[in-house]
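Chains as they are written, first to last, in our numbering: chain A, 1 to 183; chain B, 1 to 110.
Take these hints with a grain of salt, some might be off.
[Said to hold, decoys possible] For each label pair, taking beta carbons as the anchor points, the in silico distance ranges come out as:
1) A:90 / B:85: 53 to 59 Å
2) A:171 / B:25: 35 to 41 Å
3) A:15 / B:96: 30 to 36 Å
4) A:65 / B:41: 17 to 23 Å
5) A:4 / B:50: 36 to 42 Å
6) B:50 / A:26: 56 to 62 Å
7) B:96 / A:66: 31 to 37 Å
8) B:28 / A:155: 35 to 41 Å
[Stated by the list, open to error] Partner residues aside, some chain A positions facing chain B, computed with beta carbon under 10 Å:
9) 19
10) 37
11) 55
FYI, nobody ran anything at the bench for these hints, they're computed from the structure.
Values in this document were obtained by computation on a predicted structure and should not be read as measured data.
Ideal Cβ positions, reconstructed from N, Cα and C, are used throughout, including at glycine.
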Amino acid sequence: MAISEEDLIARVQSKQCQHAFGELVKMYQSDVRQLLRKLTGGDMATADDLAQDTFIKAFKGVKNFRKEAGFKTWLFRIAWNVYRDYYRSKKRRPEDYVEEVPESAVESDFNAPMKSKALEAALDTLSSDQRMAIYLCLQQEMTQQEASTIMGLPLGTVKSHVNRGKAKLASLLAGWQREGEYG
Amino acid sequence: MAKDIDDRWLESLLNDSDDSNHYIPDDGFSAGVMHAIAQEQMARYQKWRKVILVLSALLTAVAVFYGSSGFSVGDFIQQTFARFDFIVLIPAAALLAVAMSAGCTLLLRD
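Pulled out of the complex, with its shape left as it was, chain B reads as follows (with noise of 0.2 Å):
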């Protein structure tokens, strides 16, 4: 049975009967992407703006709790710096970023 239809009526068939060509208007429809892409694009600044403020909040945090009991943050990069060698300082550095960069990535997922 099915060898009785030949490919080519099948496929003029496919394209008479179908309405594959003719075109959706747009209706609104690429507005509508647009702004949804506007919205996500806003969410993810506020959530960049959360992760800044976060940090911000605890640097400023640590930074006043230190400076009030009289400890000074130069004192503390010069101590670091007498203490350990960049052999040490350099890979905890990276470690840190790394982790800190984890953190956001995180925090940014969607």
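Same shape as in the complex, but just chain A (with noise of 0.2 Å):
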């Protein structure tokens, strides 16, 4: 019989449970690791240091969860402070590892392939704060107020981060709304 997340999170909470931490790992890896590397523009073996940084950062931190949020939402708020603490670390901020992109790339051929590398370069334009709030709200469907409680923001500066990003990203895409209207 599978055991529940509720199960799984009391057992870790209560006996340091290795086995059913893992479990945990096992359900949320896929999220936590996607998640970073969304915002480290696609650096695989980066993100998946950080997703194991966080996810040990998690199994120490468990007893400190309360369940007011969901364990993703928990863990993707771990996932956001790791990524900023090894940014700041490095000294720079994570807009500036982002290369600059021409603009002839997101005003490419309306194809499939192109059109996903461009959308990734159209979104390596934005800043980290709107990647992670556009991310959250509209590729992961989350609330607002998750997103707010995730990045440890206000609510009005995610729905900043939000309106921003989304209009940075309409300018570079009006092109493709137009070919894909009348093209």
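Relying on the hints, combine the two individually framed chains into one complex.
In structure tokens form, the structure reads like this:
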């Protein structure tokens, strides 16, 4: 019989059960690694290192998990902090890591592979706060309140990051919409 | 230009071409995490062992030194209680405990 997520969390909290935590890692590794790959601009090795740090920190701090938010929300908050600490320790802003994207990259032909690549390029032009807010609210379909909890920012600031991110993406991708509508 | 795009189109574009819904296979990742956690716990255990060994060695050395010079631990405790009041002894013991706790925390810090 499969053990529920609540039971696994309870076992880790009460007995520091590594087996139960291993099951939780299997359940959420894809979500956490995907998030960190987005934030690191597709740097898989760094993303996986940060994901490992995230789960180690989660194991150490699981007693502090109060179930006020979901376990995934809690993990995402740790991942976000791990990501920010990593770039802070390197004494450069996450934005500095992002390459400048030429305008031509996002104004390419309207075909699926190029579209995907250029969309990634357009997303990479956003600040890490905007990228995180867009990823959580639009791609993960979380509420802005959940995004606010994860990012540790006021709700209004998250809304502002989403709107500014959307506006920037819209201006970069406007050509595509016209091609999609008329092409 | 930005106004030409509506939110729904942008959201569908993000969801359609996004691979965030694609499952990343584990491929030994969770095993690696559990191995790293086990290693961290082992390192922590080794640090504790070191602290306990150092403290035991110090206490043994003190006991051997005073024992060989004819000093009795029982007498020392009796004299201490006779000389000092509890008003002095309790805060002194508390300070010693705090100092030892701080020392151990410092030694075990990651």
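These are the hints, each one checked on the structure:
| no. | hint | verdict |
| --- | --- | --- |
| 1 | A:90 / B:85: 53 to 59 Å | holds, 57 Å |
| 2 | A:171 / B:25: 35 to 41 Å | holds, 36 Å |
| 3 | A:15 / B:96: 30 to 36 Å | holds, 33 Å |
| 4 | A:65 / B:41: 17 to 23 Å | holds, 19 Å |
| 5 | A:4 / B:50: 36 to 42 Å | holds, 40 Å |
| 6 | B:50 / A:26: 56 to 62 Å | violated, 34 Å |
| 7 | B:96 / A:66: 31 to 37 Å | holds, 36 Å |
| 8 | B:28 / A:155: 35 to 41 Å | holds, 39 Å |
| 9 | 19 | holds, 9 Å |
| 10 | 37 | holds, 8 Å |
| 11 | 55 | holds, 5 Å |
Figure legend: structure checked against the earlier numbered hints; the only hint not met is number 6.
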